[in-house]
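Using the hints provided, position chain B relative to the given structure of chain A.
As given, the protein sequences belong to chains A and B, one line each in that order. Heads up: the first sequence at position 154 corresponds to 154 in the working numbering, and the numbers run straight through without jumps. Heads up: the second sequence at position 10 corresponds to 10 in the working numbering, and the numbers run straight through without jumps.
No lab work stands behind these hints, which were simulated from the structure alone. Cβ atoms here follow ideal geometry from the backbone N, Cα and C, with glycine treated the same way. Be a bit skeptical, because a hint or two may be false.
Stated by the list, open to error - Derived DEER-like restraints, expressed as beta-carbon distance ranges: (1) Glu408/B <-> Leu169/A: 46 to 52 Å; (2) Gln22/B <-> Arg89/A: 16 to 22 Å; (3) Thr233/A <-> Lys33/B: 57 to 63 Å; (4) Thr233/A <-> Ile91/B: 54 to 60 Å; (5) Asn12/B <-> Lys407/A: 19 to 25 Å; (6) Ser471/A <-> Ile91/B: 27 to 33 Å.
Unchecked claim - One-sided and incomplete, this derived list gives chain B residues near chain A with beta-carbon spacing under 10 Å: (7) Arg10; (8) Arg23; (9) Arg65; (10) Arg74; (11) Leu191; (12) Val229.
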Amino acid sequence: MAQAKDDSTNDNPDLLFDGADWSFKILSETYDAIERVALDDLGLNVYPNQVEIISTEQMLDAYSSFGMPLMYRHWSFGKHFAREEKSYRQGHSGLAYEIVINSNPCISYNLEDNTMPLQALVMAHAAFGHNHFFKNNYLFRQWTDADGVLDYFQYAKKFISGAEERHGLEAVEAVLDAAHAIMDQGVFRYRRAPELTTEQRQARKREIEEYRERTFNDLWRTLPDKKNAEVATEAEKEKAERRKQLRLPEENLLFFLENNSPILEGWQREILAIVRNVAQYFYPQRQTKIMNEGCATFTHHYITNALYDRGQISEGALLEILHSHSNVLFQPDFDDPRFNGLNPYAIGFAMMGDIRRICTEPTEEDHEWFPDLAGSEDWRGALKYAWANYRDESFIRQYLSPYLIRKLKLFNLTDNADDSHYTVGAIHDEQGYRKVREALANNYDPAHTDADIQVVDADLRGDRQLLLEHSVRNGIGLAEDSRARVLKHIRYLWGYEVTLSGIDHDNGKQLYRTSTIEAEDTEAAE
Amino acid sequence: MAMHHFIDRRQNPGDRSLGNRQRFIRRARAQIKKALDQSLRDRKLGDITNGEDLSIPTKGISEPRLRHSANEGRRGRVLPGNKEFVTGDHIKKPPKGGEGAGKEGSEDGEGEDEFRFTLSREEFLELFFEDLELPDLIKTDLRESPTVTYRRAGFARDGTPSNLDVMRTMRNSLGRRIALNRPDKKAVAELEARITALEDVTEPELEDRGLLDALYDELAELRRRQKIVGYIDPVDVRYRQREPVPKPNTKAVMFCLMDVSGSMGEREKDLAKRFFVLLHLFLKRRYEHIDVVFIRHTHEAQEVDEETFFYSRQSGGTVVSTALTKMMEVVNDRYPTDTWNIYAAQASDGENFSGDSQTCSALLAEQVIPVCQYYAYVEILDEREFELFGNPEAGAALWRSYREVASERENFAMKRVTKPADIYPVFRELFLPQNAGA
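Isolated chain A (complex conformation):
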């Protein structure tokens, strides 16, 4: 059973700790108490935990490298570190209390400077909240391999430092820079990522080799001399055939270049594969910010309160925990100078709490909106179901209640860039609920937030130009300065010219066209 410290002098012998200082013994006993609430009361299902205590510098380092302490080396992480460090030393920003990795065992990193109450909060938050979410949410189950991920990152790090030794820092840096530039376009959104186990990797490699040979043959075959009409239809046919062979259209640019670039060497392709796998690994997290933080925040809030109710933590400790809790959940209004978008912790926590409320104290309205949920009493089951089967977009679409919309006074603003004004599209009233909910869900839908860019053609026989197409929704194009620079990076990986066209999603009209050959074109025209 949980025991108080041996030299306990406080009145309550059940207290797990007293004061700010922590030791590994206290951590361990507190962990056990938290685990009991998490498993026996909440019924969470988690990977085994490994909690690591790290220093400030190590924490800064970790979140400069995509929040992944095992990341390979790249100058951009050094840049982020320099910025984070400066802003931290100047007191502009605090440090995260923890970082957690979606892996089995689930590794969470706690900052050594945390007081004991904070360590308790962090353990409940990361080692149980996030951990449960990672293990159960469908996106993570489907897209990431928790058992293999640590080995994979280790492998990636080694591969990249090996490549640096063999091919030089600059050569590796050039490939990484280019790959990072299209990382957002380096994920599979609609089909399963290739498995990462060694055998399968090798099998795939062989397959890729053979496949490459096939397409390379194509490359060198010369066009037979034919009549123009025939050539035209032949060209059409070939294009279709070519697209079929290259499996176009392809949304995953990194995957496409890795397998089809005519100029990359084996090690360069492997670097693309690594960056692609890193991107894919983080892709579910990008789609579940609200839910993941909501789940973790709800969990730590429930557990720390339960510990207090059981007399295991003092009122002072609980107050400290609540203080940090409400700092994290702070949501300024839109007209507050501190406003910086919706806080995923705030929305997530509010929605989790709301589901519990709907289950246990439903109103008329809830019965109408959530007939299956309202009054079901089993809020634990309801939350776990939601955590397992939704991502932010669908979660909001399904669960955002009129009650919460009123409470947060959410309103929908239509922002048309051509207008000099915004239009209020909906507010927290009977006519507005569905519209607000719809609009908020869209804001978390990758189909709306990420640019939809696909490889549509690569004429390996002709000028080998790579054609990309951006399906433009709602008239939102790409930021121009970075667009040209990213194309240069793609050109570096492809070896030949690259052209990107923006096509209106609704009417198929071409809205813009930008190419790496444009500069030469204008020169030629003169």
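Then chain B, alone, in the frame of chain A:
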């Protein structure tokens, strides 16, 4: 106990981020150098070696991604905290460039023009040395913080075994043993001998038997006392104490002499500054206290502050000897040679009033150099002039008369420079290991 849940990583090597840092510095090298050159101009000689806050343009270290443009298309935003809006209201947009309602585009610091970060002293010197092309040995030498020597400073109760002072420890031990009446080896041996003698008696008298028992008790008591009063107790142990004393406990004054007439432009002054900085770095390593005196001259010389020295311009002719005279005035006035080590560095473009050069070499040979540890002269030329004067024999009057001095004096060095890499050889003598005690 479920201790296996926890791993203490704090002791892991702390420089894990170093690799990324080095890659970043390498990547941004060109911009950092540029910023550094600027800051070299702006900083005071004495501040050079502290860490440096740098600001470099984000171009070149940005990480472009394909992102949605923030200022086109139609968006549906959702915001919290509605107060008075009703559906259909129009709200005027804030002027362009204002906060806006979202935060697209700039989450990565992208879009800011400047990237600010802090360069460590190490990194700063590394980059500073790069242009100067210093030999590696000297780089390490300069990078070192001032050396310290250790001086005996009494005794301490704790220390490393190698510093154990046996005499002192044993003296304490003896005193304590006497005070606490610890039985010595001899007493125990005597008692044991008496016991053995009695035990040897085959048929002991009753009286002897009683005595033997008493002796046994006495021996047990002695042994017990020996045990509780140790031969050496932790309280006896003394270690020799040493305390660090900064080695260069002397003072140096550095004279910076520069021609500031119109012909010394931005480039010339920039090179001169590097020359002065290098000497200052050298002195800083060797001396605890350094004064710097700035003397500028045209046809007349003045002692000025650093700011004026590097940045203000003066018009007038060029009479180099005035600077030397001024320097001697200052030396005689404030820096007696018995307490100050005097170093001088002179930069000029080589022009001088005709006839003055002879005066200069006489002044140098007879007055200045005798009081100086080292006198270094650089003549800053542009590339064209440099080619013209490819031969060290050739040169203007000043150069020729200085050559005469140089051939006679060991602690005088002179060099023509057109770029930073030319500067170091002027000091080569100074940095030679055998001169370490200069």
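Status of the hints after comparison with the structure:
1. Glu408/B <-> Leu169/A: 46 to 52 Å: 51 Å, holds
2. Gln22/B <-> Arg89/A: 16 to 22 Å: 20 Å, holds
3. Thr233/A <-> Lys33/B: 57 to 63 Å: 60 Å, holds
4. Thr233/A <-> Ile91/B: 54 to 60 Å: Given a distance of about 57 Å, which is inside 54 to 60 Å, the answer is holds.
5. Asn12/B <-> Lys407/A: 19 to 25 Å: Given a distance of about 45 Å, which is not inside 19 to 25 Å, the answer is violated.
6. Ser471/A <-> Ile91/B: 27 to 33 Å: Distance hint for serine 471/A, isoleucine 91/B holds at roughly 30 Å.
7. Arg10: 5 Å, holds
8. Arg23: 4 Å, holds
9. Arg65: 6 Å, holds
10. Arg74: With a minimum Cβ separation of about 5 Å from chain A (threshold 10 Å), the hint on arginine 74/B holds.
11. Leu191: 47 Å, violated
12. Val229: This interface hint is violated because 33 Å lies over the 10 Å limit.
Hint check: violations occur at hints 5, 11, 12; the rest are consistent with the structure.
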